[in-house]
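**Q** Now for the letters of each chain:
Number of protein chains: 2
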Amino acid sequence: MNDATSLLHADVERALNGLTDKKIDHVFFVACGGSLSVMYPGKFLLDSYSRKLASDCLNADEFVQRDPVILGSTSLVILCSMTGTTTVGLSVDTLSPLAQEVDFPIGFEAPYTTGVPIDARDSNYARLYQLVMGLVKAHDGIDKLAPLVASLNNLQPAIDRAHATFEPLFTQYAGQLHGESVIYTLASGASYGAAYSWINSQAVHAGEFFHGPFEVLDRDRAFVLLMGLDRTRPQQERAKVFLERFGSPEKIMVLDAAKLDLDGIDDEFKGNLVPLIFFDTLWKFAYKMANLRNHVMLEGRRYMKKISY
Amino acid sequence: MNDATSLLHADVERALNGLTDKKIDHVFFVACGGSLSVMYPGKFLLDSYSRKLASDCLNADEFVQRDPVILGSTSLVILCSMTGTTTVGLSVDTLSPLAQEVDFPIGFEAPYTTGVPIDARDSNYARLYQLVMGLVKAHDGIDKLAPLVASLNNLQPAIDRAHATFEPLFTQYAGQLHGESVIYTLASGASYGAAYSWINSQAVHAGEFFHGPFEVLDRDRAFVLLMGLDRTRPQQERAKVFLERFGSPEKIMVLDAAKLDLDGIDDEFKGNLVPLIFFDTLWKFAYKMANLRNHVMLEGRRYMKKISY
Numbered sequence: 005m006n007d008a009t010s011l012l013h014a015d016v017e018r019a020l021n022g023l024t025d026k027k028i029d030h031v032f033f034v035a036c037g038g039s040l041s042v043m044y045p046g047k048f049l050l051d052s053y054s055r056k057l058a059s060d061c062l063n064a065d066e067f068v069q070r071d072p073v074i075l076g077s078t079s080l081v082i083l084c085s086m087t088g089t090t091t092v093g094l095s096v097d098t099l100s101p102l103a104q105e106v107d108f109p110i111g112f113e114a115p116y117t118t119g120v121p122i123d124a125r126d127s128n129y130a131r132l133y134q135l136v137m138g139l140v141k142a143h144d145g146i147d148k149l150a151p152l153v154a155s156l157n158n159l160q161p162a163i164d165r166a167h168a169t170f171e172p173l174f175t176q177y178a179g180q181l182h183g184e185s186v187i188y189t190l191a192s193g194a195s196y197g198a199a200y201s202w203i204n205s206q207a208v209h210a211g212e213f214f215h216g217p218f219e220v221l222d223r224d225r226a227f228v229l230l231m232g233l234d235r236t237r238p239q240q241e242r243a244k245v246f247l248e249r250f251g252s253p254e255k256i257m258v259l260d261a262a263k264l265d266l267d268g269i270d271d272e273f274k275g276n277l278v279p280l281i282f283f284d285t286l287w288k289f290a291y292k293m294a295n296l297r298n299h300v301m302l303e304g305r306r307y308m309k310k311i312s313y
Numbered sequence: 005m006n007d008a009t010s011l012l013h014a015d016v017e018r019a020l021n022g023l024t025d026k027k028i029d030h031v032f033f034v035a036c037g038g039s040l041s042v043m044y045p046g047k048f049l050l051d052s053y054s055r056k057l058a059s060d061c062l063n064a065d066e067f068v069q070r071d072p073v074i075l076g077s078t079s080l081v082i083l084c085s086m087t088g089t090t091t092v093g094l095s096v097d098t099l100s101p102l103a104q105e106v107d108f109p110i111g112f113e114a115p116y117t118t119g120v121p122i123d124a125r126d127s128n129y130a131r132l133y134q135l136v137m138g139l140v141k142a143h144d145g146i147d148k149l150a151p152l153v154a155s156l157n158n159l160q161p162a163i164d165r166a167h168a169t170f171e172p173l174f175t176q177y178a179g180q181l182h183g184e185s186v187i188y189t190l191a192s193g194a195s196y197g198a199a200y201s202w203i204n205s206q207a208v209h210a211g212e213f214f215h216g217p218f219e220v221l222d223r224d225r226a227f228v229l230l231m232g233l234d235r236t237r238p239q240q241e242r243a244k245v246f247l248e249r250f251g252s253p254e255k256i257m258v259l260d261a262a263k264l265d266l267d268g269i270d271d272e273f274k275g276n277l278v279p280l281i282f283f284d285t286l287w288k289f290a291y292k293m294a295n296l297r298n299h300v301m302l303e304g305r306r307y308m309k310k311i312s313y
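Residue numbers (my numbering), protein chains in the order written: chain A, 5 to 313; chain B, 5 to 313.
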């Protein structure tokens, strides 16, 4: 165990150490709903660094039923329990069935769902990013753990500043958009998961926007555009130009990460960490709209964990 | 060249023969919009058969900008031109820039966009399926080309029968749903691409439905559910039970492939070919609704290929 590895959370370190003797060539990121949305930027990060590890990102039911035949002894499944394959499970509760079943459980805390303020460095995505870059170090010999961990340690203050930066925009647009029956959220690259996770909206990939969905745009349609700092930003810039050309400014909210103070986050990882700021700040916007709507969805769910299904 | 290979379309055969000397371990399915939606079932088919080939399915801009570092000399990119990597391009026009740039162009015909009736065996998805199963034969030693090609040859009559089977349902539901501002289409597995391609609707993965999107369901919400015959059908059956429990029958159209006459399609490939029936038949439904809506989208696009952007 070297210095860089010891920077990592103990659970992640244990998982990575346990994986050193195993041949791995394929990673499956498997989850549902909000947890799946976190997996998208995890795969984006792996795609950005690893020449050795192919990967898939799948809904858990889809994964089990699709049963990809490439899944085998050299596969690593992150977050879903499977027999005969190495599994890492991220779980809030280390006594959960998931944590009991997997080879390497990794704990995390969930700030944005409980409302209890904790540090983003302890979130599922921070743990996942540590795991991914640990795999990249082991399999590709690229060691970026020190700047990654330093960046994650500085993430919460950046999120707090982002809340303040976006606050006037959220107040303004919550007033303008809370009556909309549909809001489309455009994003790409590392930020697509954040758009996908946002329950009040339909996620549209910014690159796909120009191949069909843009036909719905007119002066009455509501859009949120997430502009990140990863390599796919040109798609988002192209979407912005088009939205401004054919839409109404009062119906289009642009969240531009270029306007945020990202002090303490390494330049190399800004693109990967910005979506985590979007994840958190979009919740504030959702709550603001829910208050104006007197909406059932965030005040109390109708079905999830309330009935059996 | 053996008997089974000679069953294939000449362009596919040429591509597969040209690929025999190349080491391939990763396939990138790359396209935009409707063409991307066809790639989803292509990846599903590859996942179902190949232990040797990992794959990704990406929007073309996302692919170029994400620039996955695993992309290299052992990658095969299907449909997008890249330097230093082997490329296969499916194109209607064999003189198109795409066809000129790729290593192996594969021609196809596009019946559902032009309205000119051609046989589904000549479509992009039929060529893609031949290519995928040719790769599976070469890399995994599994030869299913004969039943696949026989099934594709019998696909058009099955589609024609499906149009007749679904006609009363489409007429009824076009009347009931044409006023809806949003229709959600649920699908999974091989059928997800068909849901995604359907411009009138927002695609929701049937497995993900239970992790957020189902909260929008009430007696007023409009849904289309695609029930295919692949291994992911249990997700769709679960969604059906939930839709029927909390929604209104007149707002929920279920397209169940179990009700179709699939004579001539091999049992093994029914799950993979059913989405191709959904692709075609959903167009009929879209036209029916567009007629009732007097809608701009299918009568004439507003932006696509009309303005520069």
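There's no promise every hint is true.
Put simply, identical chains are the same to the list, so a pair is met inside one copy or across any two.
[Claimed, not checked] Okay, derived cross-link-like pairs now, BS3-like style, lysine-lysine, Cα gap no bigger than 27 Å in a straight line:
| # | residue 1 | residue 2 |
| --- | --- | --- |
| 1 | Lys244 | Lys26 |
| 2 | Lys27 | Lys56 |
| 3 | Lys292 | Lys263 |
| 4 | Lys255 | Lys244 |
| 5 | Lys310 | Lys255 |
| 6 | Lys27 | Lys255 |
| 7 | Lys26 | Lys56 |
| 8 | Lys310 | Lys274 |
| 9 | Lys255 | Lys56 |
| 10 | Lys255 | Lys309 |
| 11 | Lys309 | Lys148 |
| 12 | Lys244 | Lys310 |
| 13 | Lys26 | Lys148 |
| 14 | Lys309 | Lys288 |
| 15 | Lys309 | Lys244 |
| 16 | Lys255 | Lys26 |
| 17 | Lys292 | Lys148 |
| 18 | Lys263 | Lys288 |
| 19 | Lys56 | Lys309 |
By construction, these hints were calculated from the structure, which means they are not laboratory data.
**Q** Look at each hint and say if it fits the structure.
**A** Hint-by-hint comparison with the structure:
no., hint, verdict
1, Lys244 to Lys26, "neither (45 Å within a copy, 42 Å between copies)"
2, Lys27 to Lys56, "both (11 Å within a copy, 15 Å between copies)"
3, Lys292 to Lys263, "within (21 Å within a copy, 46 Å between copies)"
4, Lys255 to Lys244, "within (13 Å within a copy, 35 Å between copies)"
5, Lys310 to Lys255, "between (34 Å within a copy, 24 Å between copies)"
6, Lys27 to Lys255, "neither (51 Å within a copy, 51 Å between copies)"
7, Lys26 to Lys56, "both (14 Å within a copy, 18 Å between copies)"
8, Lys310 to Lys274, "neither (39 Å within a copy, 37 Å between copies)"
9, Lys255 to Lys56, "neither (44 Å within a copy, 48 Å between copies)"
10, Lys255 to Lys309, "between (34 Å within a copy, 25 Å between copies)"
11, Lys309 to Lys148, "neither (40 Å within a copy, 44 Å between copies)"
12, Lys244 to Lys310, "between (40 Å within a copy, 19 Å between copies)"
13, Lys26 to Lys148, "within (22 Å within a copy, 33 Å between copies)"
14, Lys309 to Lys288, "within (23 Å within a copy, 38 Å between copies)"
15, Lys309 to Lys244, "between (38 Å within a copy, 19 Å between copies)"
16, Lys255 to Lys26, "neither (52 Å within a copy, 51 Å between copies)"
17, Lys292 to Lys148, "neither (38 Å within a copy, 55 Å between copies)"
18, Lys263 to Lys288, "within (18 Å within a copy, 46 Å between copies)"
19, Lys56 to Lys309, "neither (40 Å within a copy, 40 Å between copies)"
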